[in-house]
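Student: Take a look at the letters that make up each chain.
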Amino acid sequence: MRFVLFAVAALIASPALAQKPAKALPAPHPGAEVYQNICQACHMANALGGEGAGKIPALAKNGTLEAAGYPIMVVTGGKNAMPWFRGALTDQQISDVINYVRSNFGNKYKDKVTPAMVAEMGVPAPKGGMREQ
Amino acid sequence: MNWAEQGPTRREVLRAIGMMAGTAVLYQAMEVLGHAKETQFAGPPNLQGARPGTKVVVLGAGLAGMLAAYELAKAGYDVQILEYNNRPGGRNWSLYGGDTYTELGGATQKVGFSEGNYLNPGPWRIPYHHRALLHYCKKFGVALEPFIQMNQQALVQSSKAFGGKPMRYRELHADWDGNVAELLAKAIDNRGLDSVMTKEDADRLRIALREWGALDQNFKYSKNYRSSRRRGFERAQGGGVLGEPIPSDPHAFKDILDSGIWRTVAQHMNIDHQHAMFQPVGGMGMIGRGFAKQVEGKIRYNQKVTSISQQGGKVTVMHTDTGSGVTSTTEADYCVCTIPLSVLSQIDVDCSPGLDAAIHAVPYSNSVKVGLEFKRRFWEEEEAIYGGISFTDREISMISYPSGKLHSDGPAVILGAYTFGPASYKFAGMTPEERIQRALEQGSVFHPGRYKEEFIGGATVAWSRVPFTLGCCAQWNEDTRKEHYQTLVAVDNRLVLAGEHASYIGCWMEGAILSSLDAVTRLHSRALEA
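Listed in order, the protein sequences are those of chains A and B. Per the working numbering, the first sequence starts with residue 1, numbered consecutively. Per the working numbering, the second sequence starts with residue 134, numbered consecutively.
Hints are all accurate, no fakes.
Partial list, computed: chain B residues near chain A (C-beta under 7 Å):
| id | residue |
| --- | --- |
| 1 | L237 |
| 2 | G238 |
| 3 | Y497 |
| 4 | G562 |
Since the hints were derived computationally from the structure, they do not count as laboratory data. From the three backbone atoms N, C-alpha and C, an ideal C-beta is built for every residue, glycine too.
Please construct the entire structure, taking both the sequences and the accompanying hints into account.
Tutor: Structure below.
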C-alpha cells in the first residue's frame, strides 16, 4: 500500500521535474467547455461563424454582445434557426458561456453575467418542447 | 428536447411492455377506424390548364422544388428553378469517391471511397408507407432495393450493462420477452390481474405468454431448446455425430434491464422503422438525380437568393451567382419557395407579417453522420451481420452496416455515427478529421481487432455546418404548430412555401413531397382564379 502511494506521488511530481519550473496553467474558463461542446458546432472554434446560403454570425468582436441582456435572450430563447438552450443548459452554464464569449475572441466586456440574471432576463423554455413525438 | 441522462425508469419499462403487448390489438382497432394507414397520398395531382405564358419561379432544387417544377410544367406553366448548390437534390445527397465537400468554416474533404461506395449524409431509408415518394421513384426510374433496418444478429452495447461488452440483439430481445412473459405469468398466478381480467381471459393470456416468451412447461424462462431457438444456442445445431445443439444460458434479468434493450425493440415498432424499408440502388442521391432528369434544363445552379419581392403584380427574385458574383433578377407570376427556414429567415421576403413571423419561428435541429470505409466486409464474413444496425449509448449512437451489395468482396462503407441531442453539437464542433477519429474509436467497441485495423478512410457531414441548410430539419413543437403552421403553408399572395418544414412528416423526404404536391395544387387553383 505504501508503495502504491509513493508511485502515485511520483507520477504527479514527475512532469514538474521534467520541465523547467513554469507558471501554473490558468484554470480553463468554466464557459470554455460549454462553448466547445455546443456553440462551436455553428459559430466555429474561432467564433468567426460562416457564410453559405445563409450566415452564421461571428461572435468574435461582436458589438451586439455589449448589452448582456441580448446574448441572454438569444441563448435562452433561440433566434431563427438557432434553437433555444434553456433546459438543455443550466443557468450557470449559460452565464458561464456568455461570460466566456464576452471576454474572449476579441470581446473585452468587463461586466459579468450571473445565473440570477439569466433566471431573471432569460426566455423560459417553451412548453411544447423541442421535438414532437 | 430530452437531453437528460437516459436511465431506465419504471415508467419506460412499463410503457415498453405495453407497447409490445398492446400494439397488435391497438393496431387492429386503429385499422378499423381508418388510422395507421400510409401517409396521405391519393395519387399525383394531375394539374391541367395553366394560362399560357404564366411563369413560376421555384426556389430550391431539392425534392420539393423539383417535384413542384415537374408538376407545374406538366400543367403548362413556364417554370424556372434557382438552386444554391451546383447539384440537384438538396438534402437528398450521397457523397461518393472523388467528391469534394466544403463545410462552413472552410474545412474541405476530398472523399476517397472506392467506386460505388457512398455516405448518405441526410436521408438514408424509406419506410414502405411513404407512398408518394415511392410513387415518384418508380415513375422517374429510380431503382430501389431493400434497406435492412432491424438485424437480430447485430449488436447492442451499453456502458451500463455486461461490463460494456456488446451483446447480440437476438439474445437481449429474447431474454427481455422471456422474462417479461415469466413475470406476467407469475402475476396471473398470484392473482395480480384479477381486478382487470376475467379468469377465462387470464388463463388464455397465461398460455399466450408461454408461447410468446418461449417459457417452459412451468412457465419459467430457462435454459432449454425452446429459449435457445430464440436467443441462439451455445453450440449451434449441426449434422452427424456432433449435430445435437447445446442450449445457451439466458442472461440475468437485471442485466437485461440495465442494457436498455427495450428502447431498441420499441424503436423498431415505430411505424417509421418497420419493415419493409427501401433505399435507392447506388446511394440516396440517386433520387435527386432521378428527379433532376425530369426537369432538365430548368435548373440554374450556383444561385444564392437574396430577396423575394411581390410588388407590382409579380414576383421578383434577386439572386447572386456564387461563382461570378453577378447579381440578376428573375421575374415570374408566382413563386414556390422551398428554401429551408434556417436560410429563408435571413432573406428579405416580401410577405404578410404572419408568414414573416412563421418563417422566423422555427429552429433547426442538428445531427452528424460519419461514413467509414473498410477494406472488406468483416462484419459479414466473420460475424454474419448482413445489413442492419448495431446500437450503443456512446455518442455515435449506432453503426449501420451497408444493405447494398451484400456478400460481396472489396471495400465497403459503414455509417459510423448518427448523432442525436448534445452529441450532435459536440461532434459538429470538431474538425472532420476529429469526427472520423472519434467515430472510429467509439465504434471499435463492436468489432475490436478489426474496426481500426481494416479502416481505410472516412467522410463526415455535420448538418449545423452545411452551407445550404445551416441545420438538419425544422423543429416544430405543439405551440409553434398552433401559432404558425397554417400561416406557413397558406398561399401568401403569389408565394407559397414547400418542403419538409411545411409538413407533419418533418425530416422525411415524404414530407417534402407531400408538402410540394399540396402547395402546387393550391397555387394552381389560385392562378386559375386570378
